[in-house]
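K.L.:
Here's the letter readout for the chains.
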Amino acid sequence: MNLASLPVELLAGSSLHKIQAQTLPPYSEEAIRFLAEVSSRLLKSPEIREYPDIAGFGYWCRRANLSKLALAFDKKYTRLGRGLAFHIAPANVPVNFAFSFAFGLLAGNANIVRVSSAKHPQATVILRAMQELLELSDHARIRRMTSFVRFPRDDEITKALSGISDARIIWGGDATVNRIRTMKTKARCVDVCFADRYSVSLLGADAICDADAESFSRLIVGFYNDVFLLDQNACSSPHLVLWMGNEENIHSAKARFWDGLSEYLDTKLEEPAIHSVDKFTHLCRTAIWLQPINQNRSQSGRIYRVELEQLPVGIENFRGQHGFFFETTDNDLQMLTAILNARYQTLTYYGLDPQIVTRLVVENGLQGLDRVVPVGMALDISTVWDGYDLIGTLSRLIQKI
Amino acid sequence: MITAPDFTDWLELRPFQFGSDQKEIMMKDALLALTQWHQSFCSEYKKIIDLFDVDLNNIRRVEDIPFIPVRLFKEFDLRSISSDEIFKTMTSSGTSGQEVSKIHLDRYTASLQTKILSKIMADLLGSKRLPMLVIDSPNVVKNRRSFSARGAGILGFSMFGQDVTYALDEVMAIDWKAITDFLARHTGEPIFVFGFTFMIWQYFVLPLVRENKTLSLENAILLHGGGWKKLSEQAVGNETFKSTLRNQTGLKKVVNYYGMVEQTGSIAIECDQGNLHVPIYSDVVVREPGSFAVAKNGEEGIIETLSILPRSYPGHALLTEDLGVILGKDDCPCGRLGKYFRVNGRLAKAEIRGCSDTHESS
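Protein chains in written order, with the working numbering: chain W, 1 to 401; chain H, 1 to 362.
So that you can see chain H by itself, here it is in the shape it has in the complex (with noise of 0.2 Å):
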């Protein structure tokens, strides 16, 4: 009988405490031992890795790990363990139309990503909770029963912060009052303010701009991911982002993360470099689209998360559908160690040729 890989004691360690090469070591042990627990619990994962037969016995490195694709969890239930363990599943956002993964979550698994996202938190904001701004709606997290990716991840974040307030109203417009009483009762103080990279732009970034109106938030931290696609699609970058929301609110500190559904608790954080680095809980690896060898680094690729947290389901090695960079490894200059990387986007969907498909959506 195999037991159960158990990374609790893993909440000793600070976020980023360790150099690559220790780092290194601790993941693919941590990994490996989640691979076969996998293999063990999950029929359709050991398929996979049984037609893809790897040598487990011969893994050295991280990158060795076998990885599956993240857009498996749209298709199929992927779990390791039995229904009566599920606790909650999360779903992801998915735009309109597409299928939506699901993450099936036990115990252990929800309750190491919270007390890892601690962790990473506590790292940036200190572990004093803080008067908190939510750039969004309050309707989103109303449906308690249902886990959308935007509303759990609102949840989760309000457990580091409160007074927890939210900045737009029922129709997504800006709630002017809720925002002054909220900066009247925290005069002085500092502030965590949290939202989704777009609705943060769309719904409170360009209406400000729009009415010409300012607001006090010198002494904020904004927290903010989700994703660039849309904005891309914009022209809007993370330097525009960044810029138009100091001249309109003042914000000095804005943090980007990057994290998934699939992975829930092991963010990446953007340092005041602009560079993201992934906590000692989490890896990334840059892989060759095609070959799937590793990129070096520098180059851009396609982006494999690994993570220790998911053990309820066979989710620590994902292929995502972002492509991105490695940067370099132990000498950013803010200090973090470990590995650190930019984001560049989503793969582009390419065109369908072939013969179906007269009628096209307009």
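One chain only, chain W, in its complex shape (with noise of 0.2 Å):
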């Protein structure tokens, strides 16, 4: 097989064909420098304004960050990455590519990326500075190891690429997932594959009650940007709300925190009229679907939210976008046990203690939730992300005794 004459666009970095798969250990200087130096240039653009989801991989990969992440990693063996990565990354989260690629090359690996065919304006900004620095003699071992590479839908291609890689990072569901594992690899080619996934959010009502005008402003702006940012399509947006407390303080806690939330909306953009009909239209499949109780929506119809007495199992397959919430009060977390399974990925909280949902997780030994972080952390990407220490994974451990 020919690498050389496959049909792809260089975006930046080495030609398919000059990569060498000369791998580094996990954290290596050369990479750290070279993402603190992308990180350094992408918070100085213009551009940053415009696009928060720029700044955010920018600020991630500074210097100080990943030397914080180098000194958590795992010390007691020695490391190196496993040498070709390959990744697949989504098509609708503008910068997940560049996080995918951090990985890959903090692991150690040489990385090949597959950029969406979206074209978006943060990928374009993204793309211009790393290739700036890997033309710098400074990175030549770093450019040797990379590869940013744009083709339109091409199972042959990705095939090709499949079958000289020491591992797949597949990005974009269940479907996308399930079509490229048929596709060949190495016998030892290790897949991380982000599959379909669900979130919910658990609030305590006694501390929505209590907080201060400060803290209640932090967990609207924190809950909105988990939701809104991607439009609730994120697989770690929440889209079940569940109520710890009494009746009567659950009661005003859910005035207060979904009036602060349509009031904070008040202050974005419209939303696309064609989002208003897909929830009305989701509102009406629920309601033939399950058996709710009770729906609200807010004034200007940013949300919409449809209160359950019971969760039926299979809830996860019931989303909604675009602000379509399911509510229902679970004090014992009784009905959150029954219905986690794998799907389940994300639980953000506010007011309570974590420890009750992980303790709950592993007591019963439930296969769902990888990530119980405070509500406004949902988004936040890091080396670990739906169940993956990403690092560990993409790296292989030489034993020595």
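Since the hints were made in silico from the structure, they are not lab data.
Errors might be hidden in some of the hints.
Capping the alpha-carbon separation at 20 Å, the derived lysine to aspartate or glutamate pairs in EDC-like fashion look like this [as the list claims (entries may be wrong)]:
no., chain 1, residue 1, chain 2, residue 2
1, H, K47, W, E270
2, H, K296, W, E270
3, H, K47, W, E307
4, H, K253, W, E309
5, H, K349, W, E307
6, W, K268, H, E288
7, H, K142, H, D123
Only some residues are given here: those of chain W computed to face chain H with a beta carbon under 10 Å [unchecked claim]:
no., residue
8, E270
9, Q291
10, N294
11, P354
12, G392
Nothing here was measured: the structure is a model prediction, and the numbers come from that model.
Ideal Cβ positions, reconstructed from N, Cα and C, are used throughout, including at glycine.
Each chain sits in its own coordinate frame; assemble them with the hints.
P.N.:
This is the structure in structure tokens:
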């Protein structure tokens, strides 16, 4: 198979056939220096005003943060990257390709990254910064290990690249994962697959009633970011809101929380009209499928809430978009325990001890929930994600006794 | 036991007989009766109305009638009749790969649809059947058992014509011989031309322009519908459509209609002022996106269409995915009473964000 002849567009780094899978140890100085310089370029670029997600990536890969991650990383074994990592980045989260690449590089791998054909402006900005740095002799080693390419949906190219990979990082949900997994790889190739996931939020009514103006506003902004930055389509955006507290406090907390969120949404751009029809249609679907006891819509129609008495098994299949929530009260977390399956990824919490959730998962041996994080951190991707220690998984360890 | 609402006696009325106030009272009662009817006989509809928590005793105006999104008919088999009462099932055309609406009709609803449409057409064409030229291919109606919206539309409107002749051949090319023979048979007579907006433009008007050919349709009236979505992508609006047609064929009377398979029969008709008029059997409400509050006249919003015809399925109050504006009521210079409005196009599909869908189709 001839890599040089594959019809791909090279966006940054080396051509496919020039890639060298000469690996590095995790958190190598070469990798950290390169990413830290990407960070300073991005944080200085004028575009970060317009694209907070570029700023988010730039902020994440600054030296201070990478050093902190390096320090916290397992020192028990000698490790090295696995070889060549092939990343299939998602089409609809513009900066995920950059995170995926950074994880592969920090683990010590050479990386081929398929960037989405959607041509997000964020990708252009980040790739420009990377290419400028890769051209410097200072980063020649990284350049030989790096190739960002774009190609239209083409199983032949994906097959060819799968065949030479030591690790594949597959984003895009169940359908994509299943299709790409049918493609032949090296026998020892490791796949990191990001399947379709579902996420919930657990809110303590007492804390919301008692929150002072400042922490309440942080809660609202955090919840907004978790849900609305990606139209509630991200795997880690909550779709189900569980309340804890006595009836009276839950009543007041709901009013304060949802009104606060609605007011905050009023300060944002209006949603496209089709979103309101989507939510309204979904409300009708849920009326037919489930047995909701109540529905609430905010004045502006940005927030749809469907109140359920019982959580049906499989509720994760009824997810809405653009601000559509199921909610119920679950003081002893019995309902949550009953529905948690491998689909469940993130639980965001406010005003309660996250230990109660992790304990519940561990003690019951549940397959669900990989992340228990405060409200506002649902989308904060890092080297541990979706239940994987990505640096650990994408590196191999050298045992010496 | 609830008695079935029966609006057969509305056939005694003229399509634009009433002003808004009188119409409002009649429509409100008729639509309320239909709401109660569907609530009793369509379990899915009942679940929706129950969740909405609407107090049917508190409905004062047409706009208070609960509505459902038209898209539901693509996902659910919504009907208020038993399966052995189904007389025929209509489906929407649906662009490639999309699900289609399924509309189940019993004899009453099917028959009322036809009769109401006849009233509206008689108002437009007169009571005599005119020689009819269909700007489409006869292939569309070959399989009479499957009623695509396009085929059903052509068959439905063909009842108002005679010597029905198809202007396009099997491969959608202009059938010159058929047209010339047809015009020779009907020299000097008024002619009824019918077709779908996009098909007329793409397979009739554009070829005429390209080949620099003209036709003599000065005595004809063209009725067309089906939506402007594809034409607006080509930046072709109603004015361009009309003037190009006029240049190539001499057609002076070009009438757009607004209707959908989910409410067959009660179409809105364009007047010589370019405004769409709803006859007394149907109504239009424009709603603000998001809140779905009734928009002010002149303000753009999402079109809701209401019709007294759907009794076999709960389609009497539907939120469409079209944008439009109510322009006024009872005072259009054309003289028709009731509301008049304009359709501005479809709701734009928004870009989807999220982490699925790696391999976007290119």
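K.L.:
Quickly compare the C-alpha distance for K253 (chain H) and E309 (chain W) to 20 Å and report which way the hint goes.
P.N.:
violated, 59 Å
K.L.:
Between K268 (chain W) and E288 (chain H), is the straight-line Cα distance small enough, at 20 Å or below?
P.N.:
At roughly 17 Å apart (the allowed maximum being 20 Å), E288 (chain H) and K268 (chain W) satisfy the hint.
K.L.:
Should the hint that P354 (chain W) touches chain H count as held when the rule is a Cβ pair under 10 Å?
P.N.:
violated, 24 Å
K.L.:
Take the shortest C-beta to C-beta distance between N294 (chain W) and chain H; is it under 10 Å?
P.N.:
holds, 8 Å
K.L.:
Has the given pair, K142 (chain H) with D123 (chain H), been kept, meaning a C-alpha gap of at most 20 Å?
P.N.:
Outside the cut-off at roughly 29 Å; violated.
K.L.:
Is the hinted pair K47 (chain H) and E270 (chain W) satisfied, with a Cα-Cα distance of at most 20 Å?
P.N.:
violated, 30 Å
K.L.:
Does the alpha-carbon distance linking K47 (chain H) and E307 (chain W) stay inside the 20 Å limit?
P.N.:
holds, 14 Å
K.L.:
Answer holds if the nearest beta-carbon of chain H is closer than 10 Å to that of Q291 (chain W); otherwise answer violated.
P.N.:
holds, 8 Å
K.L.:
So, as I understand it, the hint says G392 (chain W) touches chain H; can you test that by seeing if any CB pair is closer than 10 Å?
P.N.:
This interface hint is violated because 22 Å lies over the 10 Å limit.
K.L.:
Please verify whether K296 (chain H) and E270 (chain W) have alpha carbons no more than 20 Å apart.
P.N.:
holds, 19 Å
K.L.:
With 10 Å as the cut and Cβ atoms as the points, is E270 (chain W) at the interface with chain H?
P.N.:
OK, holds: E270 (chain W) within 10 Å of chain H, min 7 Å.
K.L.:
K349 (chain H) and E307 (chain W): Cα distance at most 20 Å?
P.N.:
Answer violated: K349 (chain H) to E307 (chain W) is near 28 Å, above 20 Å.
Checked against the numbered hints given earlier, this structure breaks hints 1, 4, 5, 7, 11, 12; the rest are met.
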